[in-house]
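Participant: Spelled out, the chains give:
2 protein chains.
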Amino acid sequence: MEGYQEHSLGGRVFQKIREDILSGKYKENDELRENTIGNELGVSRTPVREALRQLELEGLVTIIPNRGAYVTGISRRDIWDIYMIRSLLEGLCARWAAEHIEEKQLYELEETILLSEFQMKKESGFSAEQIAMLDGRFHAILYEASGSRILSHLLKDFHNYVQAVRKDSVASEDRARKSIREHRQILRAIRDRDEELAEQLANEHIMHVIQNLKKQGYEKENCK
Amino acid sequence: MEGYQEHSLGGRVFQKIREDILSGKYKENDELRENTIGNELGVSRTPVREALRQLELEGLVTIIPNRGAYVTGISRRDIWDIYMIRSLLEGLCARWAAEHIEEKQLYELEETILLSEFQMKKESGFSAEQIAMLDGRFHAILYEASGSRILSHLLKDFHNYVQAVRKDSVASEDRARKSIREHRQILRAIRDRDEELAEQLANEHIMHVIQNLKKQGYEKENCK
DNA sequence: TCTCGTATAATTGTATACAATTAGATTCGG
DNA sequence: CCGAATCTAATTGTATACAATTATACGAGA
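Chains as they are written, first to last, in numbering that gives the first Met the number 0: chain A, 0 to 223; chain B, 0 to 223.
Treat the hints loosely; a few may be bogus.
If several chains are the same, the list does not tell them apart, and a pair holds so long as it fits within one copy or across any two.
Stated by the list, open to error - Here are the computed lysine to aspartate or glutamate pairs in the DMTMM-like style, where the Cα-Cα straight-line distance is at most 25 Å:
| hint | residue 1 | residue 2 |
| --- | --- | --- |
| 1 | Lys155 | Glu27 |
| 2 | Lys15 | Glu57 |
| 3 | Lys120 | Asp19 |
| 4 | Lys121 | Asp29 |
| 5 | Lys213 | Glu98 |
| 6 | Lys214 | Asp193 |
| 7 | Lys15 | Glu98 |
| 8 | Lys15 | Glu102 |
| 9 | Lys121 | Glu101 |
| 10 | Lys26 | Glu128 |
| 11 | Lys213 | Glu195 |
| 12 | Lys24 | Asp156 |
| 13 | Lys155 | Glu57 |
| 14 | Lys214 | Glu107 |
| 15 | Lys213 | Glu194 |
| 16 | Lys121 | Glu194 |
Keep in mind the hints are simulated off the structure, nothing from the lab. None of the values given here were measured: they were computed from a predicted structure.
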């Protein structure tokens, strides 16, 4: 958006630590020492501190005054919750997109779906990375199209949060195909300006992901 | 939760600036200079920087690298969006609370309602401050009762965001009375473990607030 | 051997110093 | 008088220094 996160040291450190938490390099309750991380990344404590404070706000890190910063981590229960919440919000997003979307964005959505379909047709097998990326792009366009700064911001955050899980989700070829078909249906509803249908389809789209998650052991009960 | 926000300088500066933005002391596009704010609060730039970085993450401040921090502000459209989102999420929250709530929390909810009713009966007229506070408490208990760290965190954030507006909302005696009646209905549904009804009532509860907002000029169209 | 207390080391909290970048003023040329 | 280049001041970005707090290790006494 404004380039800060890529430009400044603090921003890069923030992204790096977040990635390391979400990817599992730092595990739950790990202590994050400012000096240690600073040395690893070749920067001073200052940008690291800024990053840790931001991560606390995101809920990935817990700071105890005069003690240190500890990884909060995200449990399977958290993942489950996020998807339940996302289901509602993606529905609302699709509804608003049906109201506000512009021709250019409709075209971009179409393009993303075509690229996804192309990826699935490759003889050499599809790349889960690519599919995850395109899935991300599809939803990102939708977020913009909603015309709501707040909703867009929120859904982007969640998107980052479950980054690691999303890749697992589309790793199954069956799920990937269905997902793309659902994207197409959602696009059609939005193009037809059918708010009701768009909301319902987007809703179900995420619910399907949840059902898929279930198969992979992310059950609701599986929380600690 | 962890005491950092109250304890450390950075945390207090963060809260102070946020308050000043939400209360309107700092207006949209105002430049927030680190030194200026630091001098005003009698602290150095370091905690101010931390606070500004956090506020950027919350969407209240926009940072342009090597240029400065500017107030993003929240438009009426933003407020509207937040309440629309809250409507869905409070519904989900009530549903989950109906599943997980404990006796102690049921009692706390009851107590909060009783205090609200008492406040409305005062001959000297009710205090909007107090009613807003009790309204906040009621919802806060519900957030905890949902048993979802994620959802709770999210709704608390929104709650802070619209702090200023909430007071306006219950300033009308008519709305305040209806609001408390709705709280009572929600509590009953949760106590009966009627998830469906609880969700629906909580949903409508926030929608009623939106309708009330409308009367006060927070129309959806009123966005810039 | 266990416990309590003290001393020392390590870590965070805050302030300051220096570097880098940007905005604004001033001057010079046209 | 206007515009461009350059210099200066102001502001941010980062690193370091110092203060305060906390954790750890060690030793004395029961």
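Participant: Of all the hints given earlier, name the ones this structure violates by number, lowest first.
Facilitator: Hint check: 3, 4, 6, 7, 8, 9, 14 and 16 fail, others pass.
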